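Asker: Place chain B on chain A using the hints.
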Amino acid sequence: MIRACALSSLVTLLFCCPEAFAEQLVTPDMIVGDTIAAPLSNTASSVEVGKTVFVDRDQGHCVLCHQIDGLDAEFQGNVGPDLSTVGDRLSAAQIRFRIVDLQSLIPDTVMPSYYRLHDLNQVQEEFQDQTILSAEQIEHLVAYLTSRTQD
Amino acid sequence: MRLLAACFLFVGAACSPETTQLEPDFTIEASQRVSGSNFLTPETVAQQNDDFENPGYLWVERGADLFEQGEPSCAGCHENGLEGVATHYPAFDTGTQTLINLEGRINLCRTRHQGLTSLPYESDELLSLTAFVAEQSRGLPISVEVTPQTQSAFESGANYFMTRRGQLNLACTQCHDDNWGKQLRGDTISQGHGNGFPAYRFEWEDFGSLHRRLHDCDTGVRAAPMELGSQTYIDLEFYLAVRASGLELESPGIRR
Chain A
1 MIRACALSSL
11 VTLLFCCPEA
21 FAEQLVTPDM
31 IVGDTIAAPL
41 SNTASSVEVG
51 KTVFVDRDQG
61 HCVLCHQIDG
71 LDAEFQGNVG
81 PDLSTVGDRL
91 SAAQIRFRIV
101 DLQSLIPDTV
111 MPSYYRLHDL
121 NQVQEEFQDQ
131 TILSAEQIEH
141 LVAYLTSRTQ
151 D
Chain B
1 MRLLAACFLF
11 VGAACSPETT
21 QLEPDFTIEA
31 SQRVSGSNFL
41 TPETVAQQND
51 DFENPGYLWV
61 ERGADLFEQG
71 EPSCAGCHEN
81 GLEGVATHYP
91 AFDTGTQTLI
101 NLEGRINLCR
111 TRHQGLTSLP
121 YESDELLSLT
131 AFVAEQSRGL
141 PISVEVTPQT
151 QSAFESGANY
161 FMTRRGQLNL
171 ACTQCHDDNW
181 GKQLRGDTIS
191 QGHGNGFPAY
201 RFEWEDFGSL
211 HRRLHDCDTG
221 VRAAPMELGS
231 QTYIDLEFYL
241 AVRASGLELE
251 SPGIRR
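Chains as they are written, first to last, in the working numbering: chain A, 1 to 151; chain B, 1 to 256.
So that you can see chain A by itself, here it is in the shape it has in the complex:
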């Protein structure tokens, strides 16, 4: 298994480097600093749906690591920062970047990259070539988190 994985990454390295961008859902030109300004999807985003993505075990399940005041979800985690008023601290473009691929800026972060397919290792077969969240789910999340302000 390991050998197979090593071989496949080698193959990836040898043959895919020139076209590495083809594999990347978000190309470097879409990222400016710590922002991705353009929405990943054209469908209308919804704060309410975003809240569901944030809580649902089968979707983002962000409450595993993060907390938001007043959210109907018991035992919220504290591995990541409190996001109760994240909309005051970060713009939509900054929030989008952090969900998509924070590891591209902070390689050691424990925050998973929810919209990325490149440079992954030993992925279980049923999850191969799939992002953790869809573009639509991420846009709903961005809408919800942007709405989280003090007022």
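Since the hints were made in silico from the structure, they are not lab data.
Fair warning: this is a prediction, and the values are worked out from it, not measured in the lab.
Please note that a few of the clues may not be correct.
[Stated by the list, open to error] Derived list of chain B stretches under chain A, where covered just means 3 residues or more per stretch with a C-beta under 8 Å from a C-beta of chain A:
#	stretch
1	112–121
2	185–192
3	212–224
[As the list claims (entries may be wrong)] Chain B side only, calculated, beta carbon under 10 Å to chain A, not exhaustive:
#	residue
4	R138
5	R165
6	Q167
7	N169
Built from N, CA and C at the ideal position, the CB exists for glycine as well.
Answerer: Then chain B, alone, in the frame of chain A:
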């Protein structure tokens, strides 16, 4: 990355020719290392410590029966019991020149000395025998050291622990070294020690090996898991045992 640095430190230590015992550097200092039972409720700890309430003792009792069976039986040779033995596993087997864990030692005894076949990994019989042997070291400190013979296995285990994998792209170290004690919803992240295994897990409603737990960690980050009993998991078990050395062996433990 911190882990990589630790690996290099370790390699550095291994380079001095007169060194026979290698003291690796771990992210969590020895004085900070605590058993997974520290993150359980007091009720669960009480259940673990009560031989009548701890479901793991069902497997220990089955193991005691199996220990008497065979020609010769295990007890035929090990008439004085095996107190303390489990604290030194995984260990290097000179016959096969490989690192083996307690399950592997039991199977080698069967094929070498008892004219029996190996028991399948995670079979009830192998779990029971392993639990019976491990229980005789309950309360004793885990004592596993890296030697020149086991250095490459240690490095392989360390590498597995430090490498990001799966769709979630997480390494063991990121939770169990860097974020232990924090909350993942209702669960407190442990330091990832194996000193309670084989253990009864509420999530399984069953008794299982450390390798079954490692398998669950891998699938938890959506990584393709290794085979139970694979050398990769034995090497990881070895790395974890060196890292857990000094902690009391708690098998049969109870874990979430």
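Asker: Of all the hints numbered above, which does this structure not satisfy? Sort the numbers upward.
Answerer: 1, 4
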